[in-house]
Each structure stands twice: as structure tokens, then as C-alpha cells.
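*Asks:* Working from the sequences, and respecting the hints, build out all of it.
In case you want the letters, here they are:
There are 2 protein chains.
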Amino acid sequence: MFEFSIEAISGRARAGVFNTPHGKLLTPVFAPVGTQATVKTLTPRQLQEIGTSLVLANTYHLYLRPGAELVRDMQGLHEFMQWPLPLLTDSGGFQVFSLAKTRSVDADGVTFKSHIDGSTHRFTPEASIAIQEHLGADIIMAFDECSDPNDHAYSVVAMQRTHAWAERCVHAKRRPDQALFGIVQGGVEPALRLQSAQFIASLDTPGIAVGGLSVGESKAEMHAMLDVVVAALPVDRPRYLMGVGTPEDLIDGIARGVDIFDCVLPTRLARHHSAFSAHGRLNLMNAQFARDEGPIDAACDCYTCETFSRAYVRHLITAKELLAATLLSIHNVRALIRLVDGIRASIVDATFEERAPAWLEQWRGNAVRL
Amino acid sequence: MFEFSIEAISGRARAGVFNTPHGKLLTPVFAPVGTQATVKTLTPRQLQEIGTSLVLANTYHLYLRPGAELVRDMQGLHEFMQWPLPLLTDSGGFQVFSLAKTRSVDADGVTFKSHIDGSTHRFTPEASIAIQEHLGADIIMAFDECSDPNDHAYSVVAMQRTHAWAERCVHAKRRPDQALFGIVQGGVEPALRLQSAQFIASLDTPGIAVGGLSVGESKAEMHAMLDVVVAALPVDRPRYLMGVGTPEDLIDGIARGVDIFDCVLPTRLARHHSAFSAHGRLNLMNAQFARDEGPIDAACDCYTCETFSRAYVRHLITAKELLAATLLSIHNVRALIRLVDGIRASIVDATFEERAPAWLEQWRGNAVRL
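The listed protein sequences derive, respectively, from chains A and B.
Be aware that the first sequence starts at 1, since it is given in this note's numbering, and climbs by one per residue.
Be aware that the second sequence starts at 1, since it is given in this note's numbering, and climbs by one per residue.
Note that these hints are calculated values from the structure, not bench results.
A few of these clues could be false.
Here are some chain B residues the structure puts well away from chain A; computed CB gaps all over 10 Å [to be verified]:
#, residue
1, M81
2, D148
3, P190
4, H223
5, A298
6, A311
A short, non-exhaustive set of chain A residues, derived as facing chain B with CB atoms under 7 Å [to be verified]:
#, residue
7, Q36
8, T41
9, G76
10, H152
11, Y154
12, F289
13, F308
14, A311
Even glycine gets a Cβ: it sits at the ideal position worked out from N, Cα and C.
*Replies:* If you want it as C-alpha cells, here you go:
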């Protein structure tokens, strides 16, 4: 279980296969986010139709609602949300630091108040692993602390705590049917990132994640950190860039040797009426689409593009119909999966390096972040 | 076109086939409502999967947004919303009287202010037909006035106006590929209803609707009116009971010779967390379902019931996830279609009269209206 084999390499980009209890995961792979055990507005059947092979769910949210014990008693997250393919849960760390009403961190863990009802809770590395074992995803994450990239002192402290916590997570983990990934931190400082990559690699986890990027630093900083970190990681284990990204970020990340990505962007953009397209991002609420009989993206093979006009999607948006978010989510998730699938094929046939500049140029107009 | 053949009769209940430009409609039939060119939260593919054969759309809403000319220019409503099977549009009359901010009715028509932006508009019988010809549904409705069932004087006036307007609609209609149905009014007074049924029948439209019921009168009054009206209608044309209804209303209506029904109830209930079931209506937000691993209705064959637990649906509701409305809409619409399909089969095999009391008993607990 959890063997990772590399099928092809093109420059630093890799096409791999990661074995999980819920099937082989072809990498590079983009995972849409099912925060609360649902990729917003989509059924599992719709997700499979658009080629989704990995879904991420958020430990912080599921711990608070409906509760990890409840999910365990409902036979785990796969059964609860009826997702038959690989699942990944994060550790809850990122949300505790970004969403909780208040938080106080110490060497042992974090005490925080729920953003839902203000109740007090405490996460430690051991608690995070226990919760993730209740949820039962195929890939689970070490409990980490994400620092402000512009705060050097904090980046050092957060990295050291992340390392100590990662060791405790490895020690706490019990289930053999879950792969625990350590997380590299270190802000935007090459020396810290190198130190962190070496330490996390030494824990010998079946995969390694890069955290604390795409959190406010520049693109150049993100690329520089990836260059340092990936060079220090073992080649024989999958690399996961957390919370990324835009189409451009996916291309750039794969080119730097990243294998796994997740991001809320495609579904969040969908709820804000926005669609990826090879001609740049479109805001479908725009009046220019009111009588546009064409699909969102003529090159796209999703149900939305093969069935509906821009005029109809725009009508649903202006009429405040929920179906708009469903149709745009189908398209946006499919757009990223199709992009990554195309890149994987180009790695296999050794054309990725040649084609990457054109892909970057084509998708650059979609890069604006929400 | 628009031939109606009766395949079987059981008491007053009929199993028929109505020919439309978009295929044969098997009656009795329940039509979910796609007010704004979408049955809320469902894709056309999902609607077809649950056996939907007829969808109703609202002329008032589509006239205001996106506009009837726009729908016409987008090749009509079938193409616009990508619904390949029969469509029905109402005349706009009911919404003008129930939704518009202000309205002033005269012998020629109704002037009203939009509930969206307060702008002033005018519907006449000729305008309603012109709009419905732009939309292009298979079945279109005469412009009528629905009276308060408790106001005798108004019921007389509204009925007379409805008759005069129905004649004008018949005269105004141009498209041969649309069936115009006249509408019987007359409040809750048998004499008025009889008079209206006879007048509307005399117009020789390919189908006849019964309006002004399920608008506040008692069940007994509704049944009495149906008894009077249906007895006065020609047997060889489909009868459409507008805006009805609950599972119980469908059984009662079919038993009285009604062939076509529409209602927002299944999708509206879905957005209020409520599900039809043979054990009575369930509010899935209820804490008693938090750990319920069973389906909403073990007897149901819909995607929701075949896939998800009550516990999961309840989680989606408490977490305010839009997918809850989709899954409950799939179930609720399927429940009514399955009920009506079962009734049709029982008419064909001549067991309807025998089975109707048990169906009524079984579904009575779902009758509460929103």
C-alpha cells in the first residue's frame, strides 16, 4: 500500500501512480475541496463524471460539524459522503489559524473557539491524528503551524513547532490503511525551507506536503521556495502543494516537480459567477453574455459546456438560481482536471517542457485570485 | 398533433396518451415547476433520470427576466433551458394577481408593477399569447383571472372576464405547434363552475384546465368543484388541475378524472428540508436523523435514496450546504412521479379503485401544505 511509482519524467515534472486503499491515484492530480464532506453543489456522481479522482475534506470543519465520532460511527467519511475514490483530510491546523474566533498556541497544541458557536476546543498533534483516523481518509496530514511569510521570527518558531508536532503525529498514528504526510514550513526563507524539507523528509512519511505557500507571498517567492524544497525531497515520494491553485499555479507547480494539488478556487469562483476558460476568466453575470448562444468554453468537454449556452448560465445567475453554481462548478472543476490530465499526458509523451510555455500563456488570464 | 387517446379507465380515472411536438405524454402526469426556466437545483439530466416527462415554466417570470424576445431569439424555451420533452407555460395571470406589487384590472387586461424592480407592465390576452408563442412551450394557457373563493361577486366577474379573455386567446393564437388550453374558473360555487366548464368546453381547445382551486378553499370544496367540472367536460380531452398538489391531492384528483398536475411543492419542500415518504413527511433537519444510516424512504428508487443516508442529508442541511436542496428535490419530485406512475399502472390493470384507499391512507401524512 502507498507505493509511488514514477511512470515518466519531463524536466522536473513527473507522471506517477500512487496506490491507495481506494484505488490508484494518477499524478499529477488536482483535488477539488469538499470542506464539509461535500464539494459544494456537486453530487459524487457529477464529480466522477468530470474525472475527479481525489477529494479533500477539512478536519476542522468536520470535527465541529457533524463531529468526527459521528462520521466514524457512520462507517467513515467515504461511506458518509459516498465518495468511492481516494480522500485526503488536512490536519485542521490551517483552519484553526485562519477561521477560529480566537486561538492560543503553546508547545503542546492550540486552544481555539469555534467560528460556528464560540465553544472552546483544543487540537494537539495527537488529537488531529485521532480525528483523522475517525474520518478515515486515505491520505492524512501532520498537524502544522502556518506562519505569516513576512514575519521571520514567527516563521522560525512555527517551523520548529511544525517539526516537533510532525514527529508526534508519526508516533500517534495507528491505522495502517492511511498514509500520513509530513508538511514542510519555513515561510519565504530558503534556509528555513531547506532545513524544513530535510527534517520532514527524514521522518520517512509516504508523501510530503509543502504548506505555507499561496498565503500572501509573491509568485516569485512561491517558485523560489518550491525550487529549494523540491530539490531537497526524495524523488520516490509524492509531493503535495497545499491550497494551490490557479491554472497557472498548477502548470508552474508541476514544472517544479509537484504531484498533488488542492484548492477551493474552482468551486468558489463558481459561486461568484466566474468561469475558467482558455481565453481568460469570464464573469458570466456580465451583460455581454445575455444573448451569447455559445458554450462557456468551446474547447471544454463538461456537461455544462456540452449542454448550455452562456446566455442560459447568465440568466440563471441574474435570476439567482442555485443551478448556476452547480453548472459553473462542474465546468471549473473539469477545467482544472482536464488541464492536469493534459499535462500528465504530455509528461508521458515527453512534450511537457515544450508545451508548458504555451499552456502558461493560454491560462495566464485565469490567474486572478479571489 | 395533440391527439389524446385513452388507454384505460378505472372508475373516473383515466390512463391516456397526449401527443405533443416533443413526444407522447403519458397521463396522468405530474409536472415539476421550473419557474425561471429551471426546476430549482436540478439539471435537465437529473430531471430525466427521475422520470420527469413534463415541466411547467412561468410566463410572468420569464417575461420579466430574461424577457420573452430573448428566449425566442435563443431558439425558444426548450433550447434555452435544454429540456427535450414537453413543456407547459402558464398565462402569467396567476402571478400577476399573486406576485406583482400593484395591479389594476380592466375589461381589456391587467396593468401591474414588477415584483423585481417596480417597473410598469401590461398583460392582455393577446399579450399573454404572444409571449407564450415567443417561449414556445408545447402546451400554453389562456389568460385568466383567479378569484378569491370566498367572494361571490368577484367570482362571477372574474369568471366572466376569464371567458371573454379565453375567446380572445383562441382568436389571438397563431402557432400550430402549440396546444392552447382554456381555463375553468368560478370560485367554489357549483353553478358558476358548471357554467364555466360548459363555456370553456365550447371553445373546443385541445385540453382544458381547472384554475382557482387549491387557493385557500377546503378539500371538500375542491372535490365538489372537481366533481361538477369534470362531469361537464368532454371525455376526449386532457384535464389539467393547476397548481396541485400534495400526494393526497394527486390521488384524489386522478380519482376524479384529472390527467395533468403541476406544483412547486416537491422542490419548495426540499428547500425547507422536508421530504415526502410513505411514512409521512420528514423534516430532515430534525436531530433524530443525525445518526440514521437508512435512506430517506427505503421504498424509493431515486439517486438520493439509493446513495445517501438520512444522517448525511441532515448534516448537509445543518451545515447549510446547497447539495441538501438538490438531493431532497431529486427525492421529492421522484416521489410524486413514482406515485403517479404507480397509479397509471393501476388504472391500466384495473386495480386503481381497489388500491386508491390504501394509497390515500399511506400518503395522508404528507398532505400538510407549506
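*Asks:* Can the hint on A:F289 be confirmed by a CB-to-CB distance to chain B that is less than 7 Å?
*Replies:* At 11 Å from the nearest chain B Cβ, A:F289 fails the 7 Å test, so the hint is violated.
*Asks:* Take the shortest C-beta to C-beta distance between A:H152 and chain B; is it under 7 Å?
*Replies:* violated, 38 Å
*Asks:* Holds or violated: is the Cβ of A:Q36 closer than 7 Å to a Cβ in chain B?
*Replies:* Status holds, d = 4 Å.
*Asks:* Does B:D148 really sit off the interface, with its C-beta more than 10 Å from all C-beta atoms of chain A?
*Replies:* Since the minimum Cβ distance to chain A is about 30 Å, B:D148 lies beyond 10 Å and the statement holds.
*Asks:* Is the interface hint satisfied for A:T41? The criterion is a beta-carbon contact with chain B at less than 7 Å.
*Replies:* holds, 5 Å
*Asks:* Does A:Y154 meet its interface restraint, that is, does its C-beta lie within less than 7 Å of any C-beta in chain B?
*Replies:* violated, 32 Å
*Asks:* Any CB of chain B closer than 7 Å to the CB of A:F308?
*Replies:* holds, 6 Å
*Asks:* Checking the smallest CB distance to chain A, is B:M81 really beyond 10 Å?
*Replies:* Its Cβ does come within 10 Å of chain A, the nearest being 7 Å, so this is violated.
*Asks:* Could you let me know if the closest chain A CB is still more than 10 Å away from the CB of B:H223?
*Replies:* holds, 35 Å
*Asks:* Min Cβ distance, A:G76 to chain B: is it shorter than 7 Å?
*Replies:* violated, 12 Å
*Asks:* Is it correct that the beta-carbon of B:A311 has no partner in chain A closer than or equal to 10 Å?
*Replies:* violated, 6 Å
*Asks:* Do the numbers back the hint for A:A311, that is, is its least Cβ distance to chain B under 7 Å?
*Replies:* holds, 6 Å
When the structure is compared with the earlier hints, violations turn up for hints 1, 6, 9, 10, 11 and 12 and for no others.
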